[in-house]
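Please work from the sequences and hints to get the whole structure.
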Amino acid sequence: MPVTYFGYWLSALDQGNQVKFYRNEIEVFSFNPTDVLTITGGCPNTANPYCGNPVTGENKNEPYVFLNFYDQSGLGFDKIVFSENPTGGGYESDNHTVGYYTSITGNPLEVPEPASLALIGLALVGMGAVRRRAA
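For reference, each letter of the sequence shown is one residue, going -12 to 122 in my numbering.
Any given hint might turn out to be false.
What the hints assert, rightly or not - Pairwise CB distance ranges (calculated):
#, residue 1, residue 2, range
1, V42, E12, 36 to 42 Å
2, A34, N11, 39 to 45 Å
3, E14, I91, 33 to 39 Å
4, P(-11), E71, 22 to 28 Å
5, S70, G28, 36 to 42 Å
6, T89, N48, 36 to 42 Å
7, N48, P(-11), 33 to 39 Å
8, M(-12), T43, 24 to 30 Å
9, M(-12), N32, 38 to 44 Å
10, G3, K47, 15 to 21 Å
11, N19, N82, 17 to 23 Å
12, I67, N40, 23 to 29 Å
13, N35, K66, 28 to 34 Å
Hints in this document: simulated from the structure, not taken from any laboratory. Beta carbons are placed, not taken as given, at the ideal position from N, Cα and C, and that holds for glycine.
Pasting the structure below:
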């Protein structure tokens, strides 16, 4: 059964990180490092809260962010594929969350996408999960 929401913590974005969403084996949306940097801004940047590990402060050259994806069409997606292209980097992620959304809260940021892929709608940055306080 398709879901209409997927979110995950993306640690230390690498230039080859990609995620693709499918419905009935047809790709309906993709998201790549350029899309992440469009939303978060580039790194290193001392004024950018997304740059570097929020706990240790290390790795300032790569963004750390929780990403939220909503399918506003209600049709959902039934497969998500993570890939590294070209190979050689790493894809660090955790806290994968799936479900059915009933409403979007926060400050949505629309991701530019071709009209043929408009079925997914928005990719959002979860502002509240971005910074964790050091224990």
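Consistency of the hints with the structure:
no.: 1; hint: V42 to E12: 36 to 42 Å; in the structure: 39 Å, holds
no.: 2; hint: A34 to N11: 39 to 45 Å; in the structure: 44 Å, holds
no.: 3; hint: E14 to I91: 33 to 39 Å; in the structure: 23 Å, violated
no.: 4; hint: P(-11) to E71: 22 to 28 Å; in the structure: 25 Å, holds
no.: 5; hint: S70 to G28: 36 to 42 Å; in the structure: 24 Å, violated
no.: 6; hint: T89 to N48: 36 to 42 Å; in the structure: 38 Å, holds
no.: 7; hint: N48 to P(-11): 33 to 39 Å; in the structure: 36 Å, holds
no.: 8; hint: M(-12) to T43: 24 to 30 Å; in the structure: 39 Å, violated
no.: 9; hint: M(-12) to N32: 38 to 44 Å; in the structure: 41 Å, holds
no.: 10; hint: G3 to K47: 15 to 21 Å; in the structure: 20 Å, holds
no.: 11; hint: N19 to N82: 17 to 23 Å; in the structure: 20 Å, holds
no.: 12; hint: I67 to N40: 23 to 29 Å; in the structure: 25 Å, holds
no.: 13; hint: N35 to K66: 28 to 34 Å; in the structure: 33 Å, holds
Violated hints for the displayed structure, listed by number in ascending order: 3, 5 and 8.
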